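Visitor: One letter stands for each residue in the lines below.
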Amino acid sequence: MKRLTLNAAAVVVLVMTIFPVYWMFLTAFKPTGEIQAATPTFWPAHPTLEHFATAVNAPGFWTFWRNSLVVTVVAVLVALVTALLAAFAVARMRWRGRGAFVVAVFAAQMAPWEALLVPVFIIARDTELLDSLAMLTGVYFMITLPFTIVTLRGFLAAIPPELEEAAQVDGCGRLAAFRRVVFPLLAPGLMATSLFGFITAWNEFAFVNVLIIKDQDKRTLPVWLSSFRDVFGTDWGATMAAASLFALPALLLFLFLQRRVGTGMTAGAVKG
Amino acid sequence: MRGTRSPWPYLLIAPTVAGGAFLLLYPMLKAAVISFQHFRMGELIRGGAAFAGLDNYAELLAGEEFWRVLWRTLGWTAINVVLIVVLSTGVALMLTRLRRGLRLALMSALALAWATPIIAATTVFQWLFQSELGVVNWLLVMLGFDSFRGYPWFADGTATFAVLVILVVWQSVPFAALTLYAGLTTIPGELYESARIDGGTGRQVFWKITLPMLRQLFALVASLEVIWVAKCFPQIWVLSQGGPDGATTTLPVYAFKIARVLHRYDLGSAVAMLTVVILAVALVSNLRRMVRQ
Chain P
1 MKRLTLNAAA VVVLVMTIFP VYWMFLTAFK PTGEIQAATP TFWPAHPTLE
51 HFATAVNAPG FWTFWRNSLV VTVVAVLVAL VTALLAAFAV ARMRWRGRGA
101 FVVAVFAAQM APWEALLVPV FIIARDTELL DSLAMLTGVY FMITLPFTIV
151 TLRGFLAAIP PELEEAAQVD GCGRLAAFRR VVFPLLAPGL MATSLFGFIT
201 AWNEFAFVNV LIIKDQDKRT LPVWLSSFRD VFGTDWGATM AAASLFALPA
251 LLLFLFLQRR VGTGMTAGAV KG
Chain G
1 MRGTRSPWPY LLIAPTVAGG AFLLLYPMLK AAVISFQHFR MGELIRGGAA
51 FAGLDNYAEL LAGEEFWRVL WRTLGWTAIN VVLIVVLSTG VALMLTRLRR
101 GLRLALMSAL ALAWATPIIA ATTVFQWLFQ SELGVVNWLL VMLGFDSFRG
151 YPWFADGTAT FAVLVILVVW QSVPFAALTL YAGLTTIPGE LYESARIDGG
201 TGRQVFWKIT LPMLRQLFAL VASLEVIWVA KCFPQIWVLS QGGPDGATTT
251 LPVYAFKIAR VLHRYDLGSA VAMLTVVILA VALVSNLRRM VRQ
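So the sequences go chain by chain: P and G. With full-length UniProt numbering applied, the first sequence covers 1 to 272. With full-length UniProt numbering applied, the second sequence covers 1 to 293.
In short, the hints are calculated from the structure, not lab data. There may be inaccurate statements among the hints.
Beyond 12 Å from chain G on every Cβ pair, some chain P residues (computed) [as the list claims (entries may be wrong)]:
| no. | residue |
| --- | --- |
| 1 | F42 |
| 2 | A58 |
| 3 | A158 |
| 4 | V169 |
| 5 | P188 |
| 6 | A250 |
| 7 | L251 |
A partial selection of chain P residues facing chain G, derived with a Cβ cut-off under 7 Å [stated by the list, open to error]:
| no. | residue |
| --- | --- |
| 8 | T17 |
| 9 | A91 |
| 10 | W95 |
| 11 | P112 |
| 12 | A115 |
| 13 | P119 |
Restraint-style ranges between C-beta atoms, simulated for each label pair [stated by the list, open to error]:
| no. | chain 1 | residue 1 | chain 2 | residue 2 | range |
| --- | --- | --- | --- | --- | --- |
| 14 | P | F42 | G | M41 | 38 to 44 Å |
| 15 | G | E59 | P | R98 | 40 to 46 Å |
| 16 | G | A32 | P | T127 | 54 to 60 Å |
| 17 | G | A62 | P | K2 | 21 to 27 Å |
| 18 | G | A14 | P | L163 | 24 to 30 Å |
| 19 | G | A280 | P | F256 | 24 to 30 Å |
On a predicted model such as this, the values are computed, not experimentally measured, just so you know. Glycine included, every Cβ here is placed at the ideal spot set by N, Cα and C.
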């Protein structure tokens, strides 16, 4: 009986958690007549792709899609490389100022990004980087960097330095020892951090609103989606199709990497 | 051990330091300076802003609107964070008790909700709470709340505020619940067994064992949520732009509105600086604890 109550409660939580996501995809596939029915249906009687066609054919869709992807991927990759270097220095070397650096990175995680909109706008204007994807990439890189350093440092600290030292004794150079021994063990950490970085940058809405003002071709998907809603106001099918297309990469990456991160971690634990 | 005089560590952190100096430290100092200047449309274009001392702060603190926004932000943060922590604790405890299949299903659902981009989720919530065709109104009418037939959620300040709370809680619970669940799995089972043998009830076990063991983790989750909820901007901006009648204007929305709409960059920076100071004061004990670790 207790088991039954627990399971019932779990199912309720599950439905409430998943329902908005389900309703988004469902509406995107429903013909307009079904969307506007007085009694909502919870399964599409006649699924259609017309709303996706509307969304994809909306002006600029592919441009904004490409902008978002380029900005996000470049920002995350640059942040990963930069963070890996810094995390290695922190986790594996002793040097003057290390403690201060760690504290600074911790503090930077709480950076008041919303307070920096105006100065970042001024910097972009003065360096003629307004309306450029480069500036946007730079900002997203910086937003994700502190978190990436902290997380990678944690993963690096969990890998015993003796493994590298043993490889060096066996004749590997320091770099080769890192590449062959540490890097594979670090893979789950790199995946987990890139996942968080991806979601943060993919989501960003405030800076793109301030940094992209004249050149509308430089907008990204979040801005496009919020304006799409204004333009297509009552066309909920098209709006939900647009939202689905925007959500899909993040959802797929999450489902794909989450499993890899999990198995990677257990594999690392067994080997380590 | 490696020598302290090697230039390598400094070379390795150089890109981080350069990025932080140019894109974080410099803008932060600049924002602080602007908040003490007379900095509006003209100064933004021509430059040459004059210092105005504490004028911007005085103007803010003398105005009624700032205090209304401040209290609303505190209420907004308190309501959301309490709901997030309580609900995610419940979900995390539930996860530890479920059988494998249902547990994996629930965890996947949480992961999907977590990964749904903010703007996509915000758009979906506009659709869920749409007055005529929204499924929420339909459900409420079905359940016998007839007054919700065609109820316009976004026309009323309190109702819009409520929808935003539901949205933010829905988005935040997955991260908090999965983090707390990960923490719960590290508590050794023997502790619970001996507590049960001693005749402890579920509630006693939670207050006497679970909570003390995970105090640090609860503090971390709570303070992260305080930061995220207090600074939350895109959801509010897209859903209501702080309206109707300013009923959902919190500090970040207020700062954005002042700067963007009124071109009062000085006043906007002052609001942002005050937000930072308030958050820093609220979190200083937790910050200290995290630095000590």
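Visitor: All hints are to be evaluated individually against the structure, with a verdict given for each.
Guide: To see whether the hints hold, each was checked on the structure:
Distance check for F42 of chain P against chain G: the nearest CB is about 9 Å away, which does not clear 12 Å, and the non-interface claim fails. For A58 of chain P, the requirement that its beta carbon stay farther than 12 Å from each beta carbon of chain G is met, with the minimum near 14 Å. Remark: the non-interface label on A158 of chain P is consistent with the geometry, its nearest Cβ contact in chain G lying 15 Å away (cut-off 12 Å). Listed as outside the interface, V169 of chain P is consistent with that label: its C-beta sits roughly 16 Å from the nearest C-beta of chain G, beyond the 12 Å cut-off.
Distance check on P188 of chain P: its Cβ is at least 14 Å (rounded) from any Cβ of chain G, clearing the 12 Å threshold; non-interface status holds. With a minimum CB-CB distance of about 5 Å to chain G, A250 of chain P fails to clear the 12 Å threshold, and the non-interface call is violated. Once the 12 Å rule is applied to beta carbons, L251 of chain P is inconsistent with being away from chain G; the minimum gap is 5 Å. Of the supplied interface hints, the one on T17 of chain P holds, with its beta-carbon coming within about 4 Å of a beta-carbon of chain G, less than 7 Å.
Here the hint on A91 of chain P is broken, as its CB sits about 11 Å from the closest CB of chain G, past 7 Å. The beta carbon of W95 of chain P comes within 4 Å of a beta carbon in chain G, closer than 7 Å, and the hint placing it at the interface holds. At about 4 Å, the closest approach between the beta carbon of P112 of chain P and any beta carbon in chain G falls short of 7 Å, and the interface hint on this residue holds. Nearest Cβ of chain G to the Cβ of A115 of chain P: about 3 Å, under the 7 Å cut. The hint holds.
For P119 of chain P, the shortest C-beta to C-beta distance to chain G is roughly 4 Å, which falls under 7 Å, so the interface hint holds. Judged by the Cβ atoms, the range 38 to 44 Å given for F42 of chain P and M41 of chain G is violated: they are separated by roughly 52 Å. Look at E59 of chain G against R98 of chain P: about 44 Å separates their beta carbons, and that is inside 40 to 46 Å. A32 of chain G and T127 of chain P have their C-beta atoms about 20 Å apart, which leaves the hinted 54 to 60 Å range violated.
At about 59 Å, the CB distance of A62 of chain G to K2 of chain P disagrees with the hint of 21 to 27 Å. Between A14 of chain G and L163 of chain P the CB atoms are about 27 Å apart, so this pair conforms to the stated range of 24 to 30 Å. Separated by about 38 Å at the C-beta atoms, A280 of chain G and F256 of chain P break the suggested range of 24 to 30 Å.
In summary, the numbered hints that this structure violates are 1, 6, 7, 9, 14, 16, 17 and 19.
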